[in-house]
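Enquirer: Generate the whole structure from the sequences, applying the supplied hints.
Protein chains in written order, with the numbering used here: chain A, 1 to 352; chain B, 1001 to 1137.
For the record, the hints were derived by calculation from the structure and aren't laboratory data.
Since the model is a prediction, treat every value here as computed from it, not as a measurement.
Using N, Cα and C, we set each Cβ at its ideal position, and we do this for glycine too.
Wrong hints could be hidden among the right ones.
Claimed, not checked - In silico SDA-like pairs for lysine to any residue, Cα to Cα no more than 20 Å straight-line: (1) A:K186 x B:Q1101; (2) B:K1060 x A:D235; (3) A:K186 x B:M1076.
As the list claims (entries may be wrong) - What the simulated footprint calls covered on chain B by chain A, stretch by stretch (three residues with Cβ under 8 Å from a Cβ of chain A suffice, anywhere in the stretch; the number is not a length): (4) 1088-1095; (5) 1119-1125.
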Amino acid sequence: MRHQVIIAGLGDTESALEDSRSIPEMVLAAVQTALADAGIDYGAIDSVVTASVDLFDGITASNIAVTEVVGAVMKPETRISADGLAAIAHGACQIWSGAYETVLVVAHAKTSMARYQELTQWAMDPIHVQPLGVDFLTCAGLQARLLAHGDAGADRRWAQIAADRRGRASRPLAPASSVEEILASKPVALPLRQGMCAPMGDGACAIVLRGAATGAQGPVLRGIGYDLEPHALGDRDLTHWHGLERALQRACKTAELQRAYAHFDFAEPSCLFAHEEELFTAAVKLREDTEISADGGLLAACVPVVAGMSRLATATRQLRGAEDGGRRALVHGTWGPVAQGQVVAILEGTPL
Amino acid sequence: MMREESIRIPFRFAAGRAGSRMLAALRDDKQILGSHCPVCVRTLAPARPFCPECGGENLKTVELGSGAVLVSWTDMPGRGLFALVRPDGADTAMIHKLLGQSGDFHIGARLRAVFAAERRGHIADLQGFEPDPGSAA
Chain A
1 MRHQVIIAGL GDTESALEDS RSIPEMVLAA VQTALADAGI DYGAIDSVVT ASVDLFDGIT
61 ASNIAVTEVV GAVMKPETRI SADGLAAIAH GACQIWSGAY ETVLVVAHAK TSMARYQELT
121 QWAMDPIHVQ PLGVDFLTCA GLQARLLAHG DAGADRRWAQ IAADRRGRAS RPLAPASSVE
181 EILASKPVAL PLRQGMCAPM GDGACAIVLR GAATGAQGPV LRGIGYDLEP HALGDRDLTH
241 WHGLERALQR ACKTAELQRA YAHFDFAEPS CLFAHEEELF TAAVKLREDT EISADGGLLA
301 ACVPVVAGMS RLATATRQLR GAEDGGRRAL VHGTWGPVAQ GQVVAILEGT PL
Chain B
1001 MMREESIRIP FRFAAGRAGS RMLAALRDDK QILGSHCPVC VRTLAPARPF CPECGGENLK
1061 TVELGSGAVL VSWTDMPGRG LFALVRPDGA DTAMIHKLLG QSGDFHIGAR LRAVFAAERR
1121 GHIADLQGFE PDPGSAA
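Expert: Structure below.
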């Protein structure tokens, strides 16, 4: 019998183009909020999972800079160098297995520290690709061109998606703009323009996962699944998010849900480019009444690594605020060039 | 307060057996190499040490053509044009540069490889791909 995992506490810093705090200060703020939200202190934490990427932090073993503020001194800590939602997956497994009852999961990144896109070149093959100056934005442009081939309305639809998402955010990192303004915005990797890309910033997110035996209240993390595509772009079918389909299939299996009948009231995709939202909806085949990106999602404000965890935080708030409580959310995270890595989580609110 | 820093550390990346053959062929013969997987019955570009599909190492090195088909491309103003190109004889595409103006290209266009005059066993020995004027496609 698997132990039930409850999302017991949330804390995140407000995403900013530049957060002037140091990384430990920023992380501490998120952790303190999450612990207060869960009604616990550091002593209740059995285990910690952190998510960070050394290249982004300009420091190797970037987790050791936050050991103290995440309460990991003399505790088991695991670091995941991928999206924060993958760190949630690892934390959930620790509770499902019965190893621990309370797991703190923390993600952080500060894109203001360096030129983010330039850093992503160093995630590419060092013999065949990196020397050419290819970065994640190049890869996204190559994917967008394939998708737009023979589809004259694609760029206008993508501009519409970006305008809609940014328009519903309370504090977007890029100014709200019209479809026409986005279509006229700076070309960055044509057919992609600046306005179709997620604006990047700084932030941290902390989430407390607890086993049901602790008496914790909150939405239940029912299922998790993830998947990796091949690294080389030329080896992949860039027109579909096959990895997401497989990840969702696995998540449904762990949640003991029939994929074909699983309905989601809320979906929180991680879309770094507007065309990715079309790949997301095609892969997960949502019903029309599913609410997507309630707070504007990453197209309004994106902190790498924190991204998928910020989606989990938003979905948790949606479930907490739902009148009947008994709703289901699909949460999504990605990492790597054109979403090489895909992770999804299935959350359910507790019926009142 | 901010401390400004620029991290510059020299590195040496081993190209491996397949990568070294590929780079040597670019340098010495102006030739792009691929690998044929007899299990998956497909030819991969560029040459690989193992098949990413089945994991098999029993790959046969094959010489690919200097002609290619444009699979996709992107224009990054100030940085040039990048492309996914499928060299003749290959079943998969590789990333490289496009030489020319944005308006010269369309998906499915025929291309030809352009090699540097001075070559040193580096992926940039292949300068990129340009439109093939000898082709009507």
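Enquirer: Hint by hint, note whether the structure agrees.
Expert: Taking the hints in turn, this is what the structure says about them:
{"no.": "1", "hint": "A:K186 x B:Q1101", "in the structure": "holds (18 Å)"}
{"no.": "2", "hint": "B:K1060 x A:D235", "in the structure": "holds (18 Å)"}
{"no.": "3", "hint": "A:K186 x B:M1076", "in the structure": "holds (10 Å)"}
{"no.": "4", "hint": "1088-1095", "in the structure": "holds (count 4)"}
{"no.": "5", "hint": "1119-1125", "in the structure": "holds (count 3)"}
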